[in-house]
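A.B. asks: Read off the chains here:
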Amino acid sequence: MSKLVPPIPKFLRPAPPRPGTGGPGRNGDEGGNGNGNGNGEPGTAVKLREGAAEGGTQVVGWLDERSGMSPIVRAQLFRKVPKGTNWFYTLGSATLFAFVSQAVTGVFLAMYYNPDPSRAYESAAHITNEVFLGELVRGMHRWGSTVMIILIFLHMGRTFVFGAYKYPRELNWVIGVLLLVLTLAMGFTGYLLPFDQRSFWATVVGVNINASGPVVGPYLADFLRGGAEFGAVSLSRFYAMHMLLIPGLIGALIGAHLYLVAKLGTTAPPWLKAEKKSLSQEKI
Amino acid sequence: MTRRGVMTGGALLYGGIASAAFGLPALGFALGPMFEDGTPDVWQDVGAEEDFNAETYVPKVANIVADIGEAGKTTVYLRRLDPERDSKSKSDKGKEPLPYVAITTLCSHLGCPVRYIQASQRFVCPCHGGVYDFEGKVDGGPPVRPLDRFYTRVTNGRVEMGERFSVNSELERFSPRDPSNHLDGLWQYLYPSRPST
Chain A
1 MSKLVPPIPK
11 FLRPAPPRPG
21 TGGPGRNGDE
31 GGNGNGNGNG
41 EPGTAVKLRE
51 GAAEGGTQVV
61 GWLDERSGMS
71 PIVRAQLFRK
81 VPKGTNWFYT
91 LGSATLFAFV
101 SQAVTGVFLA
111 MYYNPDPSRA
121 YESAAHITNE
131 VFLGELVRGM
141 HRWGSTVMII
151 LIFLHMGRTF
161 VFGAYKYPRE
171 LNWVIGVLLL
181 VLTLAMGFTG
191 YLLPFDQRSF
201 WATVVGVNIN
211 ASGPVVGPYL
221 ADFLRGGAEF
231 GAVSLSRFYA
241 MHMLLIPGLI
251 GALIGAHLYL
261 VAKLGTTAPP
271 WLKAEKKSLS
281 QEKI
Chain B
1001 MTRRGVMTGG
1011 ALLYGGIASA
1021 AFGLPALGFA
1031 LGPMFEDGTP
1041 DVWQDVGAEE
1051 DFNAETYVPK
1061 VANIVADIGE
1071 AGKTTVYLRR
1081 LDPERDSKSK
1091 SDKGKEPLPY
1101 VAITTLCSHL
1111 GCPVRYIQAS
1121 QRFVCPCHGG
1131 VYDFEGKVDG
1141 GPPVRPLDRF
1151 YTRVTNGRVE
1161 MGERFSVNSE
1171 LERFSPRDPS
1181 NHLDGLWQYL
1191 YPSRPST
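Protein chains in written order, with the working numbering: chain A, 1 to 284; chain B, 1001 to 1197.
The set of hints was computed from the structure by calculation and includes no laboratory data.
Treat each hint with caution, since some may be false.
[To be verified] According to the in silico footprint, chain B covers these stretches of chain A (three or more CB under 8 Å from chain B):
(1) 193-202
(2) 213-223
[Said to hold, decoys possible] Computed far set for chain A versus chain B, every beta-carbon distance over 10 Å:
(3) 7
(4) 63
(5) 117
(6) 125
(7) 133
(8) 153
(9) 182
(10) 209
(11) 256
(12) 266
(13) 270
Even glycine gets a Cβ: it sits at the ideal position worked out from N, Cα and C.
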């Protein structure tokens, strides 16, 4: 009979007595409520706190035993950064944060938005005027887009001015430029979605700017519109690009971007390198 | 040829076939509208013949894109053709010219809506300062060709408007182009006509 019972997980089994204490350990036969067994044992609160801390360790240990993640996570969180690292180095993380906030607010906006030419404007107005906190969420998405574009340019400027695009980080610069282009494409495709006069005509003009490119321009404009005229499929096309195609590409490229940052590390600010050189010259 | 080589090649080949099996149709699906004529040839009534004259343009609301409601409507400027004043188009050689001049409000620079100002007898674009004369030819600013027009005809005393067409500086007719596409000189060869129009 007792053979059929599955073994109790290790963390639920009574711990063996520790040397010196004598009595049964935690989760002992007395019910495991942490009351202890008398002389010299810590109180309930202390026991609970210790138990919680140990529980956390055990969850992490359980995950780590199966995934082997801890060296990777440790390498990410506790990697060495060069001397002179300053607030400018946070611009990339800030851009990432802006992207995540755009993604989250965008997903929730999609729950109310309707990409049908006859319904789009009304559904956007519905979000702003009637949905609980709709104005706030739409406002965060609308202003967040501008913030993200400002941050991505500042991040690019930091990389350029600090010379952080040089060997061996050229590939990361290239990926970053692609991310910049895709972010601008997000702004362009998202601008149409409220479908009011301003967004409609701005997008018409934007598509016509694409059409002004020689040879491929007219075809590119046809691709964007889904035909020769700005018609019924154009809005859903922009919507699909805005919430599926481009975010997917951005997510994948952000992964590659971060992998390279983690692999190659960050650069010291240029003025620090100059100091180092003068130091080494002093030594000689 | 090694066994490993055959296995690697085979895996790549079958993976490629499987990916192409969904990838190519999906790509064609997305690109399809570029290659089919999405502008059906329809004629719409824009008013009685008495509504129009040869001296000034009358604005009319026409539906130029189907199925998108209000967004598909646009203003079109119409007037009767003035054989004395209007320049002859090469496209009309040996044919009866179109009885009415129907001019689009789509600026040929980047597609902003132009308006007609009778006092100066010119079309003016608010975005980047494009100016067109009475016939829609470029007078100044960045536009690269005259304003597009629509085919017109008269049926039972009613003026009807058909498909849009583009014109070059001699008012020769071309298939409808996007704004910013040149139709004169060597430039015109950089902006081919598209299968979608």
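A.B. asks: Does each hint fit the structure? Answer for all of them.
C.D. replies: Consistency of the hints with the structure:
Remark: the region 193-202 of chain A is confirmed as covered by chain B, as 3 of its residues place a Cβ nearer than 8 Å to a Cβ of that chain, reaching the required three. Counting residues of the region 213-223 of chain A whose beta-carbon sits less than 8 Å from any beta-carbon of chain B gives 8, enough to reach three: the coverage restraint holds. Distance check for residue 7 (chain A) against chain B: the nearest CB is about 42 Å away, which clears 10 Å, and the non-interface claim stands. Here residue 63 (chain A) stays apart from chain B, with its beta-carbon at least about 32 Å from theirs, past the 10 Å limit.
The claim that residue 117 (chain A) is not at the interface with chain B is violated, since a C-beta of that chain comes within 10 Å of its own (minimum 4 Å). Distance to chain B confirms residue 125 (chain A) as a non-interface residue, since its nearest Cβ pair spans about 14 Å, more than 10 Å. Listed as a non-interface residue, residue 133 (chain A) keeps its Cβ farther than 10 Å from every Cβ of chain B; the least gap is roughly 29 Å. Even its closest Cβ contact with chain B, about 25 Å, leaves residue 153 (chain A) beyond 10 Å, as expected for a residue assigned away from the interface.
Every beta carbon of chain B lies more than 10 Å from that of residue 182 (chain A), the smallest distance being close to 17 Å; the non-interface claim holds. With a closest Cβ-Cβ approach of about 6 Å to chain B, residue 209 (chain A) is found to fall inside the 10 Å limit, against its non-interface label. With a closest Cβ-Cβ approach of about 20 Å to chain B, residue 256 (chain A) is found to remain outside the 10 Å limit, as its non-interface label requires. With a least CB separation of 37 Å from chain B, residue 266 (chain A) remains clear of the 10 Å interface cut-off, as annotated.
With 10 Å as the threshold on Cβ separation, the claim that residue 270 (chain A) sits away from chain B holds: the shortest Cβ distance comes to roughly 42 Å.
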